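Produce the complete structure using the sequences and hints provided.
Taken in order, these protein sequences are the chains called G and U. Each residue of the first sequence is one higher than the one before, counting from 1 in this note's numbering. Each residue of the second sequence is one higher than the one before, counting from 1001 in this note's numbering.
Be aware that a few hints might be false.
Stated by the list, open to error - Which bits of chain G does chain U cover? Going by a derived footprint, with three or more residues having C-beta under 8 Å, they are:
1. 22 to 35
2. 117 to 123
Stated by the list, open to error - Over the 10 Å line for every Cβ pair with chain U, so calculated as not near, a few chain G residues:
3. Tyr6
4. Glu17
5. Asn38
6. Thr78
7. Asp264
These are calculated hints, taken from the structure and not from any lab test. Computed from a prediction, not measured in an experiment: that's the story for all the values here. Don't be surprised by glycine CBs; every beta carbon is placed ideally from N, CA and C.
The primary structure of each chain is shown beneath.
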Amino acid sequence: MGSFNYYAPFNLSELSECLRDNTGKKLIFLAGGTDLINQLRKKEVQPEVVVDLSRLTGLRGVRQEGEKIIIGALTTFTDIIESALVNNYVPLLAEACREVGSPQIRNRGTVGGNIANASPAADTVPPLIALEAEVVIKGNSGLRTICLQDALAGVNKNTLTEDEVITEIIFRKPGSYTTSGFIKLGRRAALAISRISMAGVIQYSTDYTRIEKARIALGSVGQNPFRAEKAEQILEQVDLININGVTEEFVSMISNVVSESLGDRASAPFKRESIKGLARGLLHRLLDYKTG
Amino acid sequence: MTAAMNVSFKLNGKNVSALVEPHKTLLELLRENFRLTSIKKGCQEGECGACTVIIDGLTANACLILAPQVEGTEVITTEFLAAGGVLHPIQEAFIDKGAVQCGYCTPGMLLSVKALLDKEPKPDEREIKTAISGNFCRCTGYKKIIEAVQVVTNQVGGSCNDDS
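Here it is in structure tokens:
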């Protein structure tokens, strides 16, 4: 690992001060470190300054404000798995976090880091996209809130400027008449980087005759996770009584979306077929609204 | 070159401090500065778990942590398990069940088991498997390790209590 200076601010005003003091220097933020330390060791990143965010304890935890659920950027995967709010209202997010790495990784890795690192395989991103999450970003010029997808800009690239950090992730608490799920295919159970993942949130009409809103997000089949809007529309256009008739149409559409996204990548033939099983399995769960 | 920093933390029950360059990992700090060689350098990318330590009650890979990050925390290594020269019941069970072969994964494995049992004294098999899923063992096939955990939680018979 190359050498660098290290700072660990305790609150946001110390962070701002630290950023001001180091203006012009090549700087990188450290959250859980589970990806970053490897990147430092491999010299994929060579900063002059590492700013450790892990002591910003105010940015850790899950809370509810009115109809919104707010997750601090430094909340670890383990925190999310153990959060009553997450398990009650957005169990798909806990499911996704349970699939991350190993206990050691889940104890350190954070949801903010998972987003900022912008891996194609980031496990928390498809569920958060399906939940239509927004991220709050703090920089020298203040706060701004953007849609999660707009924070991602390709493999290991985000749209944050040098002085900006993610502070919170916010989404609307799913109401009644909603089902959700997450499904992932890895090479083995533990420590597997996801080969394909898929998250869905479905909101039914109050009389359960239609799907009012479907949000389906795919991971590891493109530079960053993204929404499969054409597949969502298939589910939204049909009366629930006829939903079985469009299942295969939905599955083929997901496969087409994957195929389009991957182009002639070597993994494309495998992924466009295997996604079908995932799509069928996830849809089956999402349509089982009786068990929620 | 960057200047070394002072890092103070609690290590195996004692308050300690060390001067360390910030680009050193916790793995290097513990092995080189404190000579705690139970922590093994394995894959060095957070996959194998040979460098597992417990920080504030939670397991972590010491290879993925910068030394200054442990400032103010409490770190436990396997040396702590047999503090006072008496083996910890988890260690006894590992020996009795043959859960140790080459031994390279053992210190990390023991800490993952300790962290589990501190939280869940009667884990089921699935919980045991999850708890050790970040610790690779290339000798035992894991079966003996799982049995050892079941022995220590009195869920199956073991020879470790037979003599008493």
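Verification of the hints:
Using a Cβ-Cβ cut-off of 8 Å, 3 residues of the region 22 to 35 of chain G lie near chain U, which meets the minimum of three, so the contact claim holds. Evaluation of the coverage hint for the region 117 to 123 of chain G: breached, as 0 residues show C-beta separations to chain U shorter than 8 Å, against a requirement of three. For tyrosine 6 of chain G, the shortest C-beta to C-beta distance to chain U comes to about 3 Å, within the 10 Å cut-off, and the non-interface label is violated. With a least beta-carbon separation of about 18 Å from chain U, glutamate 17 of chain G lies farther than 10 Å from that chain, consistent with its non-interface assignment.
The claim that asparagine 38 of chain G lies off the interface is violated: its Cβ sits roughly 5 Å from the closest Cβ of chain U, which falls inside the 10 Å cut-off. Not every Cβ of chain U is farther than 10 Å from the Cβ of threonine 78 of chain G; the closest lies at roughly 7 Å, contradicting the non-interface assignment. The Cβ of aspartate 264 of chain G lies farther than 10 Å from every Cβ of chain U, with a closest approach of about 30 Å, so its non-interface assignment holds.
When each numbered hint is compared with the structure, violations occur for hints 2, 3, 5, 6.
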